[in-house]
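Visitor: Protein chains in written order, with full-length UniProt numbering: chain D, 1 to 319; chain C, 1 to 334.
Worth flagging that the hints you see were computed from the coordinates, not collected in a lab.
Just so we're clear, the structure is a prediction, and the values are computed from it rather than from any experiment.
Not one of these hints is a red herring.
For each label pair, taking beta carbons as the anchor points, the in silico distance ranges come out as:
(1) C:Glu191 <-> D:Glu210: 18 to 26 Å
(2) D:Pro99 <-> C:Gln149: 45 to 53 Å
(3) D:Ala95 <-> C:Ser125: 47 to 55 Å
(4) D:Leu8 <-> C:Ser125: 40 to 48 Å
(5) C:Glu191 <-> D:Gly208: 26 to 34 Å
(6) D:Pro99 <-> C:Ser125: 44 to 52 Å
(7) C:Phe292 <-> D:Gly208: 37 to 45 Å
(8) C:Asp76 <-> D:Gly208: 26 to 34 Å
(9) C:Gly152 <-> D:Gly208: 15 to 23 Å
(10) C:Gly141 <-> D:Leu8: 39 to 47 Å
(11) C:Ser125 <-> D:Leu161: 51 to 59 Å
(12) C:Ala34 <-> D:Gly208: 30 to 38 Å
(13) C:Pro303 <-> D:Gly208: 39 to 47 Å
(14) C:Arg145 <-> D:Glu210: 22 to 30 Å
Here are some of the chain D residues that sit facing chain C, going by a computed Cβ distance under 7 Å:
(15) His211
(16) Val214
(17) Ser217
(18) Gly219
(19) Val220
(20) Pro221
(21) Ala224
(22) His229
(23) Asn233
(24) Pro308
(25) Arg309
Glycine residues also receive a C-beta, built at the ideal position from the N, C-alpha and C atoms.
Here is what each chain is made of, one letter per residue.
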Amino acid sequence: MTFLRFALRRLAEMAATLLAASFLIFGAMYLAPGNPASFLLSGRSASPEAFRAINAQYHLNDPFWQQYLRWLGQVLRGDFGRSIEYRTPVSTLLASRLPSTLLLVAMALALVVVIGLALGWTGAVRGGATDSTILVATTFAVGTPSFVAAVLLQGLFSVKLGWFPSSGTGSGPASMLWHLTLPALALAHYLIGMLARVTRSAMLEVMGHEHVTVARSRGVPERAVIRRHVFRNTLGTVLTMGGLIVSTLLICTVLVETAFSVNGVGQLLDLSTTTKDFPVVQAISLIIVAIFMIVNFLVDLLLPLVDPRVTLGTRGGAV
Amino acid sequence: MTTPAETTLDMRGLRLHLPGAARPVLAGIDLTVAERETVALVGESGSGKSLTSRSVLRLLPPGATTEGVIAVQGEDVLAMNAKRLRHLRTHTAAMIFQDPRAAINPLRRVGDFLTESLRLNADLSDDTAAERAARMLDAVGLGERVLGQYPGQLSGGMLQRVMIASALMGDPALILADEPTTALDVTTQAEVVGLLDDLRERFGTGLLFVTHDLGLAAAISDRVYVMYAGRIAETGPAQAMFERPRHPYTAALLRSTPRLATPQGRLAAIKGQPPSLREELTGCPFAARCAFTTPVCTEELPPHVPVRSEPTRLVACHHSDELADQLAESALHD
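Same shape as in the complex, but just chain C:
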């Protein structure tokens, strides 16, 4: 499997089935992250965005079956043997988890957490690993003293920095950040996001940033994927997409984002619930909640088509073109 050298992550047609689900949880995801690129993956809870990012490390739920290709630096993750998979997880791709307090074993010292995978895979001697850990802690703004401390002695923000340092330990080409700021307070959030962006630049890694926070996605990313019910609804450059959304779901998400500029009035929540995994879907997954549904929406699955005059954007909506102005208006208006 070969892909262009500059593509760090190339996910093609990823489908994921879970036992007991009537439809695939991920129904054909195409997603790329280039070298040094920041890509945001946005969606509601249950849209499959975490599952998508976790599948890059083949962290799949029990009983899951997959189709498609997840190439990380040209090698298909889904076809790796145990040894290659460990190498991928230690050196090529690393994940930053949502709640550092839950993600780090409270009974082991921070130094052990940082160095263990490099030491246990016999890639580095204890001393070299400890040295690298100290350097990575320095890079995230923490002192060497932290190495000997237990997670319980650190604040949530400091622990998330430890988490980021640990992701950098193996000098990865790709960092997957799964809502890395959700469990932190607002000031710490800004610090962590700034730090991530800074480190991505400095260490030349690609970053896949999974979030439900559209504002954050717009601020940090080059490109955005909006996910709904296991499919990509729309993708494109962050700024263009949020200024002129072409999918009714993106527009609805933007409308339901609280804004400081217009604090008066009620938040526009999207009516209805995302489709349950127990029901099969025909047609557009968003049809049941969409304000612009026509018969074709419930009958035919909309393909991903390039937006006219914006070839870097793809949208999966039957009425994307005719609704363009209306959607842009509504997203900006409220």
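Chain D on its own, in the form it takes in the complex:
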């Protein structure tokens, strides 16, 4: 299959999936109990006129499909509407909160890739007590939910040692990095454990292949054998996990940002869900779905580069 045909087919698939997701997201908010108007009035008793005015302003009285199509039309033009809670355009709101989330996810991703691969590599190559220690540590990492990790990290590094702030985002790059270190760790630890285990078992599997013995028999130095013939051959598996890693980061960032009071998109999603801020929740959910699909699309594009036996449009065959 040519690249162009593959890309076109995947783009069409993605558009269809996004459409279905948009319907589900909109429908879920519509079905959820509670009325945004009452949140807007925040418990104050309002005159029926005021209530009607609000409902009319946000088109809350229209039939479901009309609301959905109006929203979809706006989204397609790049307009996510106005936040009910903050009374500003959703896009402005997102733009102001995106940097901290992006930085947080990027830091966590870097931690996952660097530490996860290093631990998996070390466990597979060293074996013995080192391997057992890493296995135990990653078991704990995988078994600890991120909100528990958040509390533990805050307790140890903020309250006890006072090395890092326990909450907030900070301003300026250096301060943000400092503020987001603990959140990034809380976000990354589960995926570090996952990636370490996947890398370890994939490397051990490849080590049993004959071509690795053959490489040694040909005088290839041991480090090069591990790098060029063992680790290299696990890249397909690691890359396939990349899609899963990014989507998990995006979802868990909601919990972590809330736990550390990071003013990012995840925290906004959490707040907006409790206040029934429809437009914001819908916009963020849709963006998360879109990012997830884009990442998987990129993985599919990169896979043939990593494994020549995989051609565009097919997965599997990677050993």
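Based on these hints, arrange chain C on the given structure of chain D.
Guide: Chain C alone, transformed into the frame defined by chain D:
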């Protein structure tokens, strides 16, 4: 350790123990390959023939312990440090494996496979290595185009040629071929064997050819070693040995080889199984399956003795002399 200059491989008293085995897997192997000589190592599965050839590159199973000497061009492989060992594997001895599809990393290009050990050991620049790779590919009848291809794009026969080219890359003195044709179809087999023989002549390397195929061994080799249960049962010039085997095991192997000339009748399989590694052996390892066993066979290990009037042949059988005619007869007969 010095050996006569013309001996490329000189294995003396090689014993190899594996953890959990009741007896050594290799129990004192003496084997030599001279310059430009082709030597076949023949035996059933599990006789230790692959292990013997692999130990020349010190490719030992985990936990294996060894005794004896494996001198390659006078230097003991078992005593080498890591650097010398890499030098041995890159430049002095090279192995051709049974299944090229499994032996070559499917994710790296053929050019990379051919040149990597020379480049990574900083012995050759990238360009010189690539040039040599192209020449070696030419020698095995493949074009330069193959350099940029992935193993998945080549047939099994072509891949085995790549494997042979890679063995020649470091200009080795010794090539170890571990059943190099078993995974190939019959027509490709003949090509690969012909090619190996041709290249051995052209590049002046010694060849240790490990096979279970007696016909192939007879066709290609100057001398043959027949292995059974980790010991050499019999050795000598190929033709003489297969015409007049002096060990009952060699005769039985010959009898169980299918022949086109006499296709009628059942194949004579050797009764019983080779001895398990879990049992200790006293006496001759073949005694339990041998048709000529006497009490001495189960009590005493037969030493390797020269065959009378044929000093280049050695046989480890108590009854070799008295059975000579009978064995020759039986090997020819069926």
